[in-house]
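Chains as they are written, first to last, in the numbering used here: chain A, 1 to 118; chain B, 1 to 324.
The hints are simulated quantities; they were obtained by calculation from the structure and are not laboratory data.
Certain hints may be false.
Stated by the list, open to error - Listed below are the simulated DSSO-like cross-link pairs for lysine-lysine, each with C-alpha atoms no more than 30 Å apart in a straight line: (1) A/Lys35 - B/Lys79; (2) B/Lys169 - A/Lys39; (3) B/Lys187 - B/Lys8; (4) B/Lys283 - B/Lys243; (5) B/Lys149 - B/Lys80; (6) A/Lys3 - B/Lys243; (7) A/Lys35 - B/Lys69; (8) A/Lys35 - B/Lys168; (9) A/Lys35 - B/Lys77; (10) B/Lys243 - A/Lys103; (11) B/Lys251 - A/Lys111; (12) A/Lys13 - B/Lys207; (13) B/Lys149 - A/Lys111; (14) A/Lys88 - B/Lys248; (15) B/Lys64 - B/Lys77; (16) B/Lys33 - B/Lys283.
Computed from a predicted model, the values in this text were never measured in an experiment.
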Amino acid sequence: MEKIGEGLSCSSKLEVTGELVYITTIEDVIDLFDKATSKICLVDDAGITTLGPILSDLAATICTTGGPGSHLAIISREFGLPCIMGAKMHTNDLSSLNNRKVKITHDGEDKGFLYLVD
Amino acid sequence: MEYTVNLKEAKEDIQLFGGKASNLIKLIKYGIKVPPGFVLNTKSFKAFVEDNQIQSEIKGIFSKEYYPKDVIDISSKIKKLFFGINLPERIINEIIRTHSQVFANLERKCTYVVRSSANYEDLREFSFAGQAQSFLNNHNIDDIILSIKKCWASLFSPQALLYLLQLKKREINISPKDLKMAVIVQKMINPQVSGVLFTANVINNNKNQMMINSSWGLGEAITGNLVIPDLIILNKIKFDIVKTVIGKKEKLLIADPNGKSTILIETEKTLQEQCSLNRTQLKQLHNLGINLEIFFDYPQDIEWAIENNTIYTLQSRPITTLAN
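Excised from the complex, chain B in its bound form:
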């Protein structure tokens, strides 16, 4: 296969698969439970642009300097360009083949998440975290292909273009046309609870503690600050709960049962007041944190989700802000 590979069979390669996918590949090799999926490599974006002969149009758009007031206009021009053309036939055929191999054993009603994995996301001086987008609750190949185009278009979102202008102020010159993005397609997890686990306390830099943010439903509600999540501090050396602060959790993000994407619904009153994790789950997350910190040999920032008592790791990256 030239453009796609099962995450289970891939070898990490940031240039080809981007930072996020390379990290997932490492986690799977280490035996960590990650939702099954495949990655569409960065060569496919190049083929999409070149086969449709839109590189000269993109080049034309960026041939002269642009200013903050121009970004919405530029972004919508590129979006229009992308949505007016198709993925090359050979890439679509590969996606269909790999999709049917990777997800052969899944129940029919499962849906998919399409996540961006850019080659620059892990560079310290170019921290794009939260800029590149994920698209949840894709039902079929047509939805997946549309979300892949949306992922690529997010490289040219108004925010991303402003980000590049900000870097330019500091004399870091990156042209939007040099960015590369791979795309991850995974089975979508519909968790009862999810969150972020830091294997150190990132508020007071205590490396003998772990910190958890958790809430009901999908974790995007936490990372995208749609809710005030629960906050739990654990003793890392010997499992113990040091502190629990129940967050309001007034809303709950779920896959839209009647459509695509996600919806934010009201959380039941009793669930708002209850901690979203019990002691057993906290112990399991503590174990996961210890495991991943040992594996990566550094404190980790881990996004996780619990579906029917199974903990899935969605992402693990180093905590970049710990004081020595």
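Next up, chain A with everything else stripped away, as it sits in the complex:
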């Protein structure tokens, strides 16, 4: 497995594997609406206003900015979803990760990691 990012693990410490979807607009959310189940969503500054409607279907969220006080992290905790905030990604081309199979793991404290598994 190749590590592709890490940040602050702000919610559930579940290890999850799923298909990654990079979301930037509300149109992306509309496209994903009926097929969001078990997806792992990656966002940069698109927050809870964008992801909110599909959040409860997702397996996890990763965000390249923010912290545990972001609304995205607060609502992820309410749904018990793993949520990595302030993630430092190893690639700048985040859309190249679309549809790749990824895994989220956590250390014993507050770090969360993202791995490519396919």
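Based on these hints, arrange chain B on the given structure of chain A.
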């Protein structure tokens, strides 16, 4: 007054003032420093719709089922409808009167924030957090009235309509036309630093610790994840700094000095590398956290802002995710 009331004189009432305003009313009564303001109650939205006779049009729009592909179109239709009509004269007159009473002693150049306060925001199964919008940096009554209409229109944003479809999947049927929204108008704080204080550590569920996210400028940069903020863990029982992680804070959100709304600017390099809170401020926030946790008898999630050494509480709500 039928539609507006000074936050200082109001009695909490979720149906009439929404969850957020009711909470602010409680904080003010307890003596917590909250920016001055007033609330436009949920009856005003009803009057806006009924006086302009647009309820049948709204009803028509929602008379048949809608699907995800329809939400952008529905939302823009309703927005167009709202922006094409005026608030009833009697409500505008009340807003003008209450505004001049509540803000009589403020300096002339101050601006205002218009915040939504919906009747459903605090319901666990219908957590709409972050969906309802706030509009910052309103300069005058005309700006405030436009932002009130924007707040009401946000009930029908594409996201809000998708949210209702999501609830429907789980057999929670709420029609958009049943939603009620009050609107808070407050003096806008222009903070040097702001953030979120959790009176428990929400990452590891340690109730003997507090957790703070802070950054320079307006706190919307943190809640809306526009920056990586500083993270500070405090010992709750006896004030002490347990851990500090300096966030990048590359950007800084401020009121646009040349216009309305806000702008994101580059943070000075030295400020990026410096913790946004000093020990004295951390001690003050620790005190605020202890106070509010005792008052509400439960660990709190508090949004705060520091302007010229005064800490303002912008919101306090229970932390909903602590393990027993």
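Would the pair lysine 64 of chain B and lysine 77 of chain B pass a check requiring their Cα atoms to be no farther apart than 30 Å? Holds - the C-alpha atoms of lysine 77 of chain B and lysine 64 of chain B are around 15 Å apart, at most 30 Å.
Has the given pair, lysine 243 of chain B with lysine 103 of chain A, been kept, meaning a C-alpha gap of at most 30 Å? Cα-Cα ~28 Å, so holds.
Lysine 187 of chain B and lysine 8 of chain B were given as a pair; does the straight-line alpha-carbon distance stay at or below 30 Å? 13 Å, holds
Check the hint pairing lysine 33 of chain B with lysine 283 of chain B against an upper bound of 30 Å on the C-alpha distance. Measuring from Cα to Cα gives roughly 16 Å; hence the hint holds.
Satisfaction of hint between lysine 111 of chain A and lysine 149 of chain B, Cα-Cα up to 30 Å: Given pair lysine 149 of chain B, lysine 111 of chain A is violated - Cα atoms ~42 Å apart, limit 30 Å.
Satisfaction of hint between lysine 243 of chain B and lysine 283 of chain B, Cα-Cα up to 30 Å: Satisfied, since the Cα-Cα distance of roughly 14 Å is no more than 30 Å.
Can you confirm whether the C-alpha distance between lysine 35 of chain A and lysine 69 of chain B stays at or below 30 Å? 14 Å, holds
Next pair to validate is lysine 88 of chain A with lysine 248 of chain B; report whether the Cα-Cα distance is within 30 Å. With Cα atoms ~11 Å apart, lysine 88 of chain A and lysine 248 of chain B stay inside 30 Å; holds.
Can you confirm whether the C-alpha distance between lysine 13 of chain A and lysine 207 of chain B stays at or below 30 Å? 18 Å, holds
Distance restraint between lysine 169 of chain B and lysine 39 of chain A, which requires alpha-carbon spacing of 30 Å or less: 18 Å, holds
Take a quick look at whether lysine 35 of chain A and lysine 168 of chain B sit within 30 Å of each other, Cα to Cα. Between lysine 35 of chain A and lysine 168 of chain B the Cα gap is close to 16 Å, so the pair holds against 30 Å.
Lysine 3 of chain A and lysine 243 of chain B: Cα distance at most 30 Å? Answer holds: lysine 3 of chain A to lysine 243 of chain B is near 26 Å, not above 30 Å.
Going through the hint list in order, the structure does not satisfy hint 13, though it satisfies all others.
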